[in-house]
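This is what each chain is made of:
Number of protein chains: 2
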Amino acid sequence: MTMATKPATAVSAPKNGRSTKDVKYVYLFREVEQAEAYAGGQWEKVRALLGGKGANLADMTRLGIPVPPGFTVTTEACNAYLAAGENFPPGMWEQELEAIKAIEEANGRWFGDLAKPLLVSCRSGAKFSMPGMMDTVLNIGMNDAVAEKMVERTGPRFVYDLYRRLIQMFGSVVMGVPDEVFEAVISTRRKEAGVSTDTELSADDWLSVTRRFKEIYKTFTREEFPQDPYEQLKKATEAVFKSWNGKRAIDYRNAAGIPHDLGTAVNIQTMVYGNFSEDSGTGVAMSRNASTGEPELEGDFLMNAQGEDVVAGIRATQPISDLKRDMPTIYAEFEKIAQKLEKHYRNMQDMEFTIDRGKLWLLQTRDGKRTAQAEVHIAVDMVEEGLITKEEAVKRVKPTQVDFFLHPQLDAAVVKEQKPIAKGLNVSPGAAVGIVAFDADTAERWAKEEGKKVIMVRPETKPDDVHGMLAAQGILTSRGGRTSHAALVARQFGKPAVVGVSELEIDLVGRRMHIGEDILIEEGDWISVDGTTGVVFQGQLPTVVPDINNPYLLKLLSWADEIRTLGVWANADYPRDAERAREYGAQGIGLCRTEHMFFETERMPIVQKMIMAKHAVDRKEALDQLLPLQRGDFEGLFRAMDGLPVIIRLIDPPLHEFLPAYDELVQDLADLKVRMQHYHTLSEIDTALAEVRVKQDYLERVVALKEQNPMLGTRGVRLGILIPDLTKMQVRAIFEAACNCAKEGVDVQPEVMIPLTCHVNELHVQQTALETVAKEVMEEQGITVNYKFGTMIEIPRAALTAGEIAGVAQFFSFGTNDLTQTTFGISRDDAEAGFLMAYIQDGILKENPFASIDAQGVGRLMEIAVTDGRAARPDLEVGICGEHGGDPSSIRLCHKLGLNYVSCSPFRVPIARLAAAHAALEDNGR
Amino acid sequence: MTMATKPATAVSAPKNGRSTKDVKYVYLFREVEQAEAYAGGQWEKVRALLGGKGANLADMTRLGIPVPPGFTVTTEACNAYLAAGENFPPGMWEQELEAIKAIEEANGRWFGDLAKPLLVSCRSGAKFSMPGMMDTVLNIGMNDAVAEKMVERTGPRFVYDLYRRLIQMFGSVVMGVPDEVFEAVISTRRKEAGVSTDTELSADDWLSVTRRFKEIYKTFTREEFPQDPYEQLKKATEAVFKSWNGKRAIDYRNAAGIPHDLGTAVNIQTMVYGNFSEDSGTGVAMSRNASTGEPELEGDFLMNAQGEDVVAGIRATQPISDLKRDMPTIYAEFEKIAQKLEKHYRNMQDMEFTIDRGKLWLLQTRDGKRTAQAEVHIAVDMVEEGLITKEEAVKRVKPTQVDFFLHPQLDAAVVKEQKPIAKGLNVSPGAAVGIVAFDADTAERWAKEEGKKVIMVRPETKPDDVHGMLAAQGILTSRGGRTSHAALVARQFGKPAVVGVSELEIDLVGRRMHIGEDILIEEGDWISVDGTTGVVFQGQLPTVVPDINNPYLLKLLSWADEIRTLGVWANADYPRDAERAREYGAQGIGLCRTEHMFFETERMPIVQKMIMAKHAVDRKEALDQLLPLQRGDFEGLFRAMDGLPVIIRLIDPPLHEFLPAYDELVQDLADLKVRMQHYHTLSEIDTALAEVRVKQDYLERVVALKEQNPMLGTRGVRLGILIPDLTKMQVRAIFEAACNCAKEGVDVQPEVMIPLTCHVNELHVQQTALETVAKEVMEEQGITVNYKFGTMIEIPRAALTAGEIAGVAQFFSFGTNDLTQTTFGISRDDAEAGFLMAYIQDGILKENPFASIDAQGVGRLMEIAVTDGRAARPDLEVGICGEHGGDPSSIRLCHKLGLNYVSCSPFRVPIARLAAAHAALEDNGR
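These protein sequence lines map, in sequence, to chains A and B.
Its first residue numbered 3, the first sequence is counted upward by one per residue in our numbering.
Its first residue numbered 3, the second sequence is counted upward by one per residue in our numbering.
Don't read these hints as lab results, they were simulated from the structure.
Mixed in with the good hints there might be a few duds.
What the hints assert, rightly or not - In silico PhoX-like cross-links for lysine-lysine, where the CA-CA straight-line distance does not exceed 25 Å:
| # | chain 1 | residue 1 | chain 2 | residue 2 |
| --- | --- | --- | --- | --- |
| 1 | B | Lys118 | B | Lys103 |
| 2 | B | Lys675 | A | Lys697 |
| 3 | B | Lys616 | B | Lys708 |
| 4 | B | Lys103 | A | Lys708 |
| 5 | A | Lys675 | B | Lys118 |
| 6 | A | Lys708 | B | Lys708 |
| 7 | A | Lys708 | B | Lys464 |
| 8 | B | Lys708 | A | Lys464 |
| 9 | B | Lys708 | A | Lys697 |
| 10 | B | Lys708 | A | Lys425 |
| 11 | A | Lys675 | B | Lys675 |
These numbers come from a predicted model, not from an experiment.
Based on the provided sequences and hints, a complete structural model is requested.
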């Protein structure tokens, strides 16, 4: 292997000038045009070649911004070095020496020169910012001789501070000497001098520290600290290259999905000093406010200080506005530079600067991090300033960032200082602060009657907890997953929620909960719940109020609407949800779950009567009572959605969900039996007996309805076929409501949807029932309304036989929760609390398929359904109404599959509008 | 519509001869060549044109077999008649008259002629034999004048018996007069005459009956009985045509899937009389023994009697062998005819004959019905006689007929006279007779210790009932469906079983069961269960012993093996099953369910210890105890299957299946609490407390393992990933067994199968674990065995991502029970007792998808899996090991999809061999 042997020319001192090799491995910052030419004019390739930091330094140089002269050794050189068994490629070192010469000339200072010594910094700089890469080495070029001479001009304190920093950084970063050893010397010195900070150490102290550092260096490396500036430079360059293959860097790239063959560049730059004098200083600033997005410089600086001092927080920094007052010319220059950079990068900038004896130098610039609010504000401003296009603005804001405007958030500043007491699944975003209530009735009473803010806490929630959940600020459960009842209801109603907090031990009898051994929270105590991050705090934390009507957001969303081709509808069961959905921009109701209306407190007894009915006539009576209630709800929906489609799904859940739980009944009955032994009066016994009879009736029905696997049981259309009167009642309520509204002049567009279809014949049966009732009602009412008849596609067989099904159904709506469940054979009720989480942790599944649609499996079924369905009926309307309808990556898939719309909970409508626009832009390669 | 008007020429008497129309609607029996020419030489088309009966009569005529002369009016005529609004097509009636002339000439008898009158019969005859079509009308041509004259020659008794029959048949069949009215006259007459049978009635009686019949005819039809033979003929012809569209006929065709446009033919044939004299007679005979298949004539006859008398059973019939003695010439002639017909039709014949004054006439021949045993015997004999090919023999025997040889059957003769007490699902064929035992321990004790024959009766069965089921003759449950635990185990072990007998009320406490209000069966009472038909009888019915080693069956199956391309493997968990499977012809083990070994009485405690283990070390201890037991089982399997592949599936069911049921534990604990209040001694209380603690430990674990939908829960590979030590123990047991056997010289071919895979990464994890252990064991043992690693495809996602999965798996085995469950979203545990049965009854589903694979949905997934899997790995081995593997129509699908093999329970192996041969023949268009 010739590559493994050390080419003599490459590492020996060059003197003789250029190698025979033509590859240019080293670019001066001012040679940016050459780098660009080499990269074929593509800025992305320049970044790949010079690394992000190097490319930006070169770029700033070209823009005429004051950058200390320097050069970049390319990533290609790094790759060649590593490929050749850690040997510089031919010619590289010679080019680096030439570059040093060029900056010597530019500065009028020379490496090792005693009168005018050149000091440089050496920094790594890959294409992407990466933890684990080599740290900075400052002051390369310093040595004993230079130091001695320099003292004459600048005094010993400054010089030996520079020198000891070089030895410490070079020693630890390049040579692997443990940094703690150096730090121990300084802290010993501080103790000896009786001072508490480094700045208080004297020139003598630093001279002594420098000497000790050289000893340490020798002890660990078994050689003297190199006095030759070129040797310092070469070793630092090599250390950067090697750090590309360090363990931490490799691990990070694996985790972040960054390719391993990019390599890192090396940036060598002339040193400037913010700590040289009183008219020197250093700071960092954003070109706009990173919290609010306001167009103004925002940042901090320190005079007569180094960057490290700003970070270490030893001295209080000053706001950048003070610079305007103290050094107006410098401030004006900086402001102009910031504008120039923004214009150039078309983005808000995060800049590092140093003032060296009254002269401003830029050391780095990069796109600035910012809050969601600022992101939206800046994007919209920049469009209006002509910096970027609407498409770019839309693309720049992540859909999830919209959440910020929809839900109260915990005050970030306060949260920083708090320690969470527990962590669970972040199933519904936003912050909620309130007192703990352990059951729905208490929650409702406290909230409604006493006006208290309540967090409802339960092991898990059930349909008859909904009234308490609605009254509460937020929801917290110890069990359940991302699609548990609590999560679904919370998202539906925009209630912040954290579920599945397994360390939470809830004692419903004692009315309190434990977390570990130390934390005890009684009912009525304050807690704060962050549904965005899934953490729980003790006490009452301050929140920031959301504003969906933020004008910047509204403008951005209106641009998103111009771009997107996918419709965005909402899932809404009640008129008030529909109104909100419309306000948030929904273009239709994609799912009204009729059974949710059944769970209302005053309706449950009627529903239970219907289920408990032993004779058809009793059942009919209950259904007759439900009819006007359902009709009323539907009328509200139609009015709210005047002119837009409303998809109403017939009853879906298994009937046992409307009855008390089996375990509860068995326990109650056992308890009653025990209690009855202690009764003495006849009336006590009679009351107890009556109670036993009622519970036993319930138990009997619950046992009859009990199923091994209710998710695969008698629900959806199966129920509709077994209880035709229920279907008929619901259809009648829909059409009576539609006719009533149409008579008022409302433009009603009802679409009746059948759930859980697995065979086309089920649809035939339901269609016949529906058409009969619809015709009947329209004749009674003397008015005709147009309607559609369609089905959920939520069972694999429905997707696989979509061609047949589309022969009957005029629309499809994917129920991807159920479809995921059956396609994976995973029960969402169980798995998210069980093996599924282990699968995700172990990387067996990359993502929770209940959070984002699994494109390979579930997506393939969807594709089959869309293709076969449209082949059978070209104008088939296809949407999605599962929980995935509000998930950006699922929305991207839906766009790709050519769906007509996605439907999600009202609170996710703005997110979906943006995500749909992103999908459209991506599709157009933008 | 000109078709609807009545063409004058068609119905009026013809006289003037042929119509201008050329279509030939009427064929004399002897004109068979013309019919054949018209049908383009295709016999199937001749049968469609002339109907089955007509075609066979024509055919016999051509073969020179004595058939009374006659003719057939074609099905085309029928269709034209119905299409024209019940009008004969032009020319048809004229052709019928010509045909009458022709048979008048042939017989030397003429319609209405007083000296030599012609009497004919009229019978319907469609392509397929069909209930609901018109019955026979005999003696057309008889009238007052003919009768009066005929009396002179044959005496009045014979004549008026003929005449009254004509009036009765014509009246009831053609004119719709209620037959009961005619019958009432005869029975009144019998009473008046003081006799008990018709044969005892005198000539005067019949004369008087004839007169009353004519009166009845007139009363109901408001017209005289037609004296014109042509009118009789025309009306009878029309009646046959009309009966094609009778309600019963239409219903039957709908049910049997017979097209409605076939039409029926009309057969007119000269009368012959078996009741004319002592050398006349009538009978039916099969060309071979229909029960045993022995090659000998089998049948009955009566001298001086009519066909009806044979059927009515008024006189004892004689066996056909008596004819050989009484009329040897006739017998010889008949025997020759039978042979000729068999040779012609290449099938065993069922013939009707009449001897009219010493002359033999054949009135009908058709393929004879026979038992399964006879079917096999005859098919094999006919191949050896050169009558049919092996392929034809194989094709002729239905796969389900093989069941006959595998299971005892109730004696058909006895069953005929018994009334079943209940009916359920026939989930495992064969008859079982025994005394009722209501639990597994009792069943086992009675069977093993007392040598009693036992039927185990349970509401439903669970894994810990298996030892009782194995000891029992048969199984009966009141709940559960076709794939319930009881059904699966019963089929697996060839135990006859009837499940889901909902009218059965089992009182486990009182040790008895009720059916309705009248039937009470105590434990220990005899019952008989027919798993072939699903019915249950009270008492001890006789059974017929099966014989799988029937030489004819063995020969037939060996031919099937030559034909089929699909392999037939067996599901076997124990060495004894594997041996039986091999004896039945299995070419491998397609599924060994390792967990079944866990259910053995002595192993359950160890398994429970493993599950209840709170520390890894306790679990390890339990696993160490299981290892040698599993290894021993596997060694047995490998030895039994020396030289053949053995697929061993790692643990599949959820762990809770090995623990007591939740409901049971809750109930027990509640009961214990109540009971404890009555305890007085300390030791009583201590014992009870200990029991509470044990139960509570179990309860805690059961609750922890409890899942809403266990079918979609933590089982299969998910369990293997969560408890790697369990996987490792099983793999170690497999490889230790394989190495041990290999050292003995056994050719071991282990294949390790992962259940419930839904993502390729699950396989990666399991493959790594397996390879490590396998390597380890083989190194320890110093021997290498070849093995395969593969997976079940039983989750839709596995099928949809089969390409990826085949990158890891070397074989696929479809688990179509689970695949059906998830593809339909139907829980097999619940649905077969619930809505699924309603779906099948209502025709929403044509078939139970758990009995036969749903080709459209599940089949499509299988096709995707086979196609994508083989694209990724061309030599991928693909089979099926679900319950469907033994179902003929599913086997057909598997053949079509190109599977390598089907695997089914040992008892279904012979059936599958035959079904696979059928599939291959069908595929080749044979």
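Cross-check of the supplied hints:
no., hint, verdict
1, Lys118(B) / Lys103(B), "holds (14 Å)"
2, Lys675(B) / Lys697(A), "holds (20 Å)"
3, Lys616(B) / Lys708(B), "holds (17 Å)"
4, Lys103(B) / Lys708(A), "violated (75 Å)"
5, Lys675(A) / Lys118(B), "violated (96 Å)"
6, Lys708(A) / Lys708(B), "holds (15 Å)"
7, Lys708(A) / Lys464(B), "holds (17 Å)"
8, Lys708(B) / Lys464(A), "holds (17 Å)"
9, Lys708(B) / Lys697(A), "holds (24 Å)"
10, Lys708(B) / Lys425(A), "holds (24 Å)"
11, Lys675(A) / Lys675(B), "holds (10 Å)"
When held up to the earlier numbered hints, the structure conflicts with 4 and 5 and fits the remainder.
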